[in-house]
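In order, the protein sequences belong to chains A and B. Just so it is clear: in the first sequence, position 42 is 42 by the numbering used here, and no numbers are missing. Just so it is clear: in the second sequence, position 12 is 12 by the numbering used here, and no numbers are missing.
Hints are computed from structural coordinates only; laboratory data are not their basis. Nothing here was measured: the structure is a model prediction, and the numbers come from that model. Beta carbons are placed, not taken as given, at the ideal position from N, Cα and C, and that holds for glycine. There may be inaccurate statements among the hints.
To be verified - Cβ-to-Cβ under 7 Å is the rule here; a few derived chain A residues that face chain B:
1. A51
2. R133
3. L135
4. T175
5. R241
As the list claims (entries may be wrong) - Just the calculated beta-carbon pair ranges, DEER-fashion:
6. I21(B) with G53(A): 48 to 56 Å
7. E221(A) with T34(B): 45 to 53 Å
8. E77(B) with L223(A): 26 to 34 Å
9. A26(B) with G106(A): 49 to 57 Å
10. E179(A) with T34(B): 21 to 29 Å
11. E221(A) with E45(B): 52 to 60 Å
12. S67(A) with P69(B): 27 to 35 Å
13. A204(A) with L65(B): 40 to 48 Å
14. V188(A) with E45(B): 17 to 25 Å
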Amino acid sequence: MADLCLLGTTPLPHRLRRRGSLASLVGDEVIGVVVFPGSNCELDVQWALQALGAETEIVWHRDTDLSGIDAVVLPGGFAHGDYLRTGAIARFSPVMTSVAEMAAAGRPVVGICNGFQILCEARLLGGALIANRDLSFICRPVEIEVVDSGTVLTAAVEPGTVLTLPLNSYEGQFTDPAEDVRIVARYVADVNGSQGRAAAVANAGGNVVGIMPHPERSSEEILGSADGRVLLEGLVAATERMTV
Amino acid sequence: MKVTVHIERRAVIADPEGAMIARSLADLGYDEVTAVRTGRTLHLEVEGDDVESVEKRVIDMCDRLLANPVIEDYRVEVDQ
Numbered sequence: 001m002a003d004l005c006l007l008g009t010t011p012l013p014h015r016l017r018r019r020g021s022l023a024s025l026v027g028d029e030v031i032g033v034v035v036f037p038g039s040n041c042e043l044d045v046q047w048a049l050q051a052l053g054a055e056t057e058i059v060w061h062r063d064t065d066l067s068g069i070d071a072v073v074l075p076g077g078f079a080h081g082d083y084l085r086t087g088a089i090a091r092f093s094p095v096m097t098s099v100a101e102m103a104a105a106g107r108p109v110v111g112i113c114n115g116f117q118i119l120c121e122a123r124l125l126g127g128a129l130i131a132n133r134d135l136s137f138i139c140r141p142v143e144i145e146v147v148d149s150g151t152v153l154t155a156a157v158e159p160g161t162v163l164t165l166p167l168n169s170y171e172g173q174f175t176d177p178a179e180d181v182r183i184v185a186r187y188v189a190d191v192n193g194s195q196g197r198a199a200a201v202a203n204a205g206g207n208v209v210g211i212m213p214h215p216e217r218s219s220e221e222i223l224g225s226a227d228g229r230v231l232l233e234g235l236v237a238a239t240e241r242m243t244v
Numbered sequence: 001m002k003v004t005v006h007i008e009r010r011a012v013i014a015d016p017e018g019a020m021i022a023r024s025l026a027d028l029g030y031d032e033v034t035a036v037r038t039g040r041t042l043h044l045e046v047e048g049d050d051v052e053s054v055e056k057r058v059i060d061m062c063d064r065l066l067a068n069p070v071i072e073d074y075r076v077e078v079d080q
């Protein structure tokens, strides 16, 4: 569960921009932002990426053709109402087959908050996210320390850098019984009981990354922090490298 | 056929809700409770005549959707 949203509503048609329309004006790279029923951070992600000069496209969860899209972000929200388990139903949305193919092809795939939960349920990332240790919905800025610069999200960040990003989740406690997940960033303080204080994790290739706090909500000073910007810049740069 | 699926966290996985209930029970004086684990029960109505094949299908449902094997165990009971 993350954030308030309108469960069961579908995006209005004007929010869906089809591939091919409004062709890229800046670079050739296009970052798709996937919308599930119940997603609610897609426009924030789109705004933040566009502010960095990236071309973005909102992708409905029933779309299966991701041709022309070079990277995808699964944004926060409560996909499919978070029913059963967070991300459990979203994992079977038609778009996820294409997302898995992109992940396998080494393309950047980033899940933020609920998107992170979906990537775990889809087994594109190891581990799982369960309710916070203290059963509280945590909604406040937290400090995270980037410990691994070898991923599409952290390539522009020196290890040891501390970033302040807003956390906004109930099922934010990362657990990894197999203990083989690559931790990319750790909470400076143990805020929710996450194993290894993991705030962000990646697959072995570093192209699939899940992060629980929200970089897009801390991408401009007016939002209280611009610390998330460097992460999104890393994603945009990684996507550009893919399309060269 | 009625099929019951019991889903619970694997023992190694934290159960914050169970821990909270255990604390609350202790507050009420039920000191004999040493641990609480929460779970989920799903009741399915399934068409089919053959218990074995129904059970097999429901196990498949558990592996794919109903349970997350990373953190959960499940048990399937078919009631003819």
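### Task
Enumerate the violated hints, using their earlier numbering and listing them in ascending order.
Violated hints: 1, 5, 8, 13, 14; rest satisfied.
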